[in-house]
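Chemist: Quick mapping for you: the protein sequence lines, in order, are chains A and B.
Take 2 as the starting number for the first sequence in the numbering used here and just add one per residue.
Take 92 as the starting number for the second sequence in the numbering used here and just add one per residue.
By construction, these hints were calculated from the structure, which means they are not laboratory data.
Among the hints, erroneous ones may be present.
[What the hints assert, rightly or not] Think about it this way: if two alpha-carbon atoms lie no more than 30 Å apart in a straight line, the pair counts; the simulated DSS-like pairs of lysine-lysine are: (1) B:Lys100 with A:Lys98; (2) A:Lys120 with A:Lys76; (3) A:Lys230 with B:Lys220; (4) A:Lys98 with A:Lys196; (5) B:Lys220 with B:Lys138; (6) B:Lys100 with A:Lys151; (7) A:Lys196 with A:Lys119; (8) A:Lys32 with B:Lys159; (9) B:Lys216 with A:Lys196; (10) A:Lys98 with A:Lys120; (11) B:Lys220 with B:Lys288; (12) A:Lys76 with A:Lys119; (13) A:Lys230 with A:Lys151; (14) B:Lys159 with A:Lys151; (15) A:Lys32 with B:Lys100; (16) B:Lys159 with A:Lys120; (17) A:Lys196 with A:Lys151; (18) A:Lys119 with A:Lys32; (19) A:Lys120 with A:Lys196; (20) B:Lys220 with A:Lys32; (21) A:Lys119 with A:Lys151; (22) A:Lys196 with A:Lys76; (23) A:Lys98 with A:Lys32; (24) B:Lys159 with A:Lys196; (25) B:Lys216 with A:Lys98; (26) B:Lys220 with A:Lys119.
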Amino acid sequence: MSDRSNKKPETGAFFQRDRAWHAPALTPGYKTSVLRSPQRALLSLDGTISEITGPVFGHSILGALDNDLIHNFAKPGESAIGERTIVHGRVLDERGKPVPGALLEFWQANAGGRYRHKKETYLAPLDPNFGGCGRTITDEDGGYRFRTIKPGPYPWPNGVNDWRPAHIHFSVFGHGFAQRLITQMYFEGDPMIWKCPIVTTIPDRRAIEQLIAPLDWANTIPMDARAYKFDIVLRGRRSTLFENRLEGN
Amino acid sequence: MVQDLGYLKESPSQTAGPYVHIGCTPNFAGITGVYETDLGATMVNDKTLGERITVRGRVIDGAGTPLKDALVEIWQADAAGLYNSPSELRGAADPNFTGWGRCPTSADEGVFGFETIKPGRVPYKDGRKMAPHITVWVVARGINIGLHTRMYFADEAEANAEDPLLARIEHRHRVATLVAPREGSIYTFDIHLQGEKETVFLDI
Numbered sequence: 002m003s004d005r006s007n008k009k010p011e012t013g014a015f016f017q018r019d020r021a022w023h024a025p026a027l028t029p030g031y032k033t034s035v036l037r038s039p040q041r042a043l044l045s046l047d048g049t050i051s052e053i054t055g056p057v058f059g060h061s062i063l064g065a066l067d068n069d070l071i072h073n074f075a076k077p078g079e080s081a082i083g084e085r086t087i088v089h090g091r092v093l094d095e096r097g098k099p100v101p102g103a104l105l106e107f108w109q110a111n112a113g114g115r116y117r118h119k120k121e122t123y124l125a126p127l128d129p130n131f132g133g134c135g136r137t138i139t140d141e142d143g144g145y146r147f148r149t150i151k152p153g154p155y156p157w158p159n160g161v162n163d164w165r166p167a168h169i170h171f172s173v174f175g176h177g178f179a180q181r182l183i184t185q186m187y188f189e190g191d192p193m194i195w196k197c198p199i200v201t202t203i204p205d206r207r208a209i210e211q212l213i214a215p216l217d218w219a220n221t222i223p224m225d226a227r228a229y230k231f232d233i234v235l236r237g238r239r240s241t242l243f244e245n246r247l248e249g250n
Numbered sequence: 092m093v094q095d096l097g098y099l100k101e102s103p104s105q106t107a108g109p110y111v112h113i114g115c116t117p118n119f120a121g122i123t124g125v126y127e128t129d130l131g132a133t134m135v136n137d138k139t140l141g142e143r144i145t146v147r148g149r150v151i152d153g154a155g156t157p158l159k160d161a162l163v164e165i166w167q168a169d170a171a172g173l174y175n176s177p178s179e180l181r182g183a184a185d186p187n188f189t190g191w192g193r194c195p196t197s198a199d200e201g202v203f204g205f206e207t208i209k210p211g212r213v214p215y216k217d218g219r220k221m222a223p224h225i226t227v228w229v230v231a232r233g234i235n236i237g238l239h240t241r242m243y244f245a246d247e248a249e250a251n252a253e254d255p256l257l258a259r260i261e262h263r264h265r266v267a268t269l270v271a272p273r274e275g276s277i278y279t280f281d282i283h284l285q286g287e288k289e290t291v292f293l294d295i
């Protein structure tokens with residue numbers, strides 16, 4: 002990618018994942034995990050070139066409305082119903098370095114908490130002008146932004162009365178396949194965050210708080226849209242200073 | 092007191108959920124007109140170098156049921172053993188091969204499939220060659236953090252026998268969980284999340 006071509010190539014292996022910071026595989030409070038969680042120990046291996054490398058995506062894949070969920074599924078002249086919201090932030094690595102050129106894909110329910118999906122059964126109505134997907138690629142400072150409507154909370158079959166707090170799903174590509182991450186963003190001040198069996202698969206309260214986006218008053222656009230700021234951190238890359246280099250490197 | 096290392100913590104993973112297809116393969120999910128095509132649906136074109144193969148399989152839960160809402164991604168080297176990535180410094184990869192594919196498991200039988208090429212061998216950290224392999228990543232409802240594993244090729248017995256990763260597997264009968272049998276040009280790689288045949292997953 003052009004914004005990376007003048008920089009030193011990144012060839013270090015990634016920091017080991019802190020598995021205690023993430024949810025364990027088996028979390029019986031989230032029932033679906035019971036039969037879908039590996040039970041044996043993972044095989045640990047320092048990253049090889051197969052994980053240090055990863056696909057990159059150029060801006061040419063992006064359409065003009067890909068980062069505008071209010072309009073990218075709407076009929077001409079119409080827009081999605083809901084609280085107009087800007088989500089923005091930066092993708093960084095664990096060393097605090099910006100991650101430019103990172104593809105972010107996001108998806109969410111509509112303002113009433115209904116997904117546009119054939120397996121969705123919630124009685125809230127579809128919005129004919131809302132599809133629920135968008136994507137963007139981070140700029141040279143790791144920054145990104147998109148426009149959407151705030152998703153509604155919704156009930157789901159787990160316990161008898163479990164609800165998801167309002168959230169947006171994020172899929173993130175960094176520069177190496179070992180950084181691949183899917184996570185969810187929550188909204189500051191939502192009391193339902195702490196009642197959700199999926200949120201609370203994460204054992205550490207500070208880790209959960211890392212997924213809660215604050216209202217960003219400074220970036221709120223008067224008479225238009227409120228802003229929430231959501232930074233995403235991907236695994237850091239080790240310096241290669243004293244590591245053996247492969248022939249040809 | 093000592094200096095603060097100043098490192099950040101990785102954002103914690105959350106499950107991809109039942110509607111991952113809305114975000115990652117919207118056309119497959121019936122949301123058309125937003126993106127022209129679903130990313131990762133095509134890895135090769137007419138000019139791609141290498142032996143054409145199909146990789147197919149299922150993701151099977153602890154009750155023996157194939158997941159019909161999973162998403163599988165693969166990442167692999169080209170036929171010459173080069174990755175199509177800026178971090179690849181050993182040479183230029185085949186420009187007609189992306190190396191990356193993404194496929195949802197089907198709603199009826201829970202099958203995923205990739206039309207790709209057989210990868211060349213790439214070096215381990217110490218310079219030894221690893222056996223040809225494909226990096227595989229699985230997400231789905233009920234999976235809290237994406238699962239990394241690798242697919243190796245059954246017709247590469249000699250290379251597999253000297254592969255540094257396969258050599259690390261303590262319980263030797265589990266090596267077979269990473270080796271896909273071949274029939275014609277089709278390799279079948281079933282991923283077992285649990286049970287006797289649980290796939291070896293990687294912390295990598």
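Chemist: If a hint holds in the structure, say so; if it does not, say that too.
Modeler: Status of each hint after checking the structure:
no. : hint                   : verdict
1   : B:Lys100 with A:Lys98  : 12 Å, holds
2   : A:Lys120 with A:Lys76  : 24 Å, holds
3   : A:Lys230 with B:Lys220 : 45 Å, violated
4   : A:Lys98 with A:Lys196  : 34 Å, violated
5   : B:Lys220 with B:Lys138 : 27 Å, holds
6   : B:Lys100 with A:Lys151 : 27 Å, holds
7   : A:Lys196 with A:Lys119 : 27 Å, holds
8   : A:Lys32 with B:Lys159  : 17 Å, holds
9   : B:Lys216 with A:Lys196 : 45 Å, violated
10  : A:Lys98 with A:Lys120  : 40 Å, violated
11  : B:Lys220 with B:Lys288 : 27 Å, holds
12  : A:Lys76 with A:Lys119  : 21 Å, holds
13  : A:Lys230 with A:Lys151 : 13 Å, holds
14  : B:Lys159 with A:Lys151 : 29 Å, holds
15  : A:Lys32 with B:Lys100  : 27 Å, holds
16  : B:Lys159 with A:Lys120 : 11 Å, holds
17  : A:Lys196 with A:Lys151 : 19 Å, holds
18  : A:Lys119 with A:Lys32  : 22 Å, holds
19  : A:Lys120 with A:Lys196 : 24 Å, holds
20  : B:Lys220 with A:Lys32  : 42 Å, violated
21  : A:Lys119 with A:Lys151 : 22 Å, holds
22  : A:Lys196 with A:Lys76  : 37 Å, violated
23  : A:Lys98 with A:Lys32   : 37 Å, violated
24  : B:Lys159 with A:Lys196 : 28 Å, holds
25  : B:Lys216 with A:Lys98  : 25 Å, holds
26  : B:Lys220 with A:Lys119 : 46 Å, violated
In this structure, the earlier hints numbered 3, 4, 9, 10, 20, 22, 23 and 26 are contradicted, and the remaining ones agree with it.
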